[in-house]
Amino acid sequence: AQSVTQLDSQVPVFEEAPVELRCNYSSSVSVYLFWYVQYPNQGLQLLLKYLSGSTLVKGINGFEAEFNKSQTSFHLRKPSVHISDTAEYFCAVSDFQGAQKLVFGQGTRLTINP
Amino acid sequence: DAGVIQSPRHEVTEMGQEVTLRCKPISGHDYLFWYRQTMMRGLELLIYFNNNVPIDDSGMPEDRFSAKMPNASFSTLKIQPSEPRDSAVYFCASSWGQVGQPQHFGDGTRLSIL
Chain A
1 AQSVTQLDSQ VPVFEEAPVE LRCNYSSSVS VYLFWYVQYP NQGLQLLLKY
51 LSGSTLVKGI NGFEAEFNKS QTSFHLRKPS VHISDTAEYF CAVSDFQGAQ
101 KLVFGQGTRL TINP
Chain B
1 DAGVIQSPRH EVTEMGQEVT LRCKPISGHD YLFWYRQTMM RGLELLIYFN
51 NNVPIDDSGM PEDRFSAKMP NASFSTLKIQ PSEPRDSAVY FCASSWGQVG
101 QPQHFGDGTR LSIL
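Each protein sequence line maps, in turn, to chains A and B.
Residue numbering for the first sequence follows the numbering used here, beginning at 1 and increasing consecutively.
Residue numbering for the second sequence follows the numbering used here, beginning at 1 and increasing consecutively.
Hint data in this document are derived by calculation from the structure and do not stem from the laboratory.
A portion of the hints provided could be inaccurate.
As the list claims (entries may be wrong) - Using 25 Å as the maximum straight-line C-alpha spacing, the simulated PhoX-like pairs for lysine-lysine come out as follows:
1. Lys101(A) / Lys78(B)
2. Lys101(A) / Lys68(B)
3. Lys101(A) / Lys24(B)
To be verified - Now the stretches of chain B that chain A is said to cover, found in silico as 3 or more residues with beta-carbon under 8 Å:
4. 34 to 47
5. 105 to 111
Cβ atoms here follow ideal geometry from the backbone N, Cα and C, with glycine treated the same way.
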């Protein structure tokens, strides 16, 4: 079975500063990896996904993530954040066999201060 | 295009009452998922369907919870009898059944059991 650990429950940063949200996963088989964002009172939206190929994946809103198989990590980064990036971010994993079933991390609340 | 539609958006009811949550998936999607989100437990997968057939209901907390998908465009999650600990935000999501396809979430139903 897979599991996902998001190492920070809350991350406060100043506007225009860089940010990294950390995600580690555990799985005995090859996996697909996802980052979702949840704005207040809304459902989750896909930011980006890693299926195969290049380990650096670019998503919407200027976010990117890097898959590191040896460290079983999939950290999310943005070089310069905006107030509108304030939201909760979820890392998720699925394996090749149950490809439609996702296991989510506990989420990281990103707060952007002016 | 219409996204995943959930109703009602908010539900407040008294303990012991029956609660029915509704979901209309995106047209053409063949997977449907029900999740529950709370502060304490995060995002939990309750059950998911493929082509209207329940595939995995291991996340359903107890017999008071039931879910149906009578056709490709409609699903219900029912709680009977409801208890205060069922208070949460319930999300429905749908997806294509192909490798790496993201899940599309509705805006959720905020359920409060008094």
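Tested hints:
Of the pairs offered as hints, the one joining Lys101(A) and Lys78(B) holds, with about 22 Å between alpha carbons and a cut-off of 25 Å not exceeded. About 18 Å separates the Cα atoms of Lys101(A) and Lys68(B), which keeps this hinted pair within 25 Å; it holds. Restraint check for Lys101(A) and Lys24(B): the C-alpha separation of about 19 Å stays at or below 25 Å, so the hint holds. By the rule of at least three residues with a Cβ nearer than 8 Å to a Cβ of chain A, the coverage given for the stretch 34 to 47 of chain B holds, with 3 such residues.
Counting residues of the stretch 105 to 111 of chain B whose beta carbon lies closer than 8 Å to any beta carbon of chain A gives 4, which meets the minimum of three for the stated coverage.
Hint check: no violations occur; every hint is consistent with the structure.
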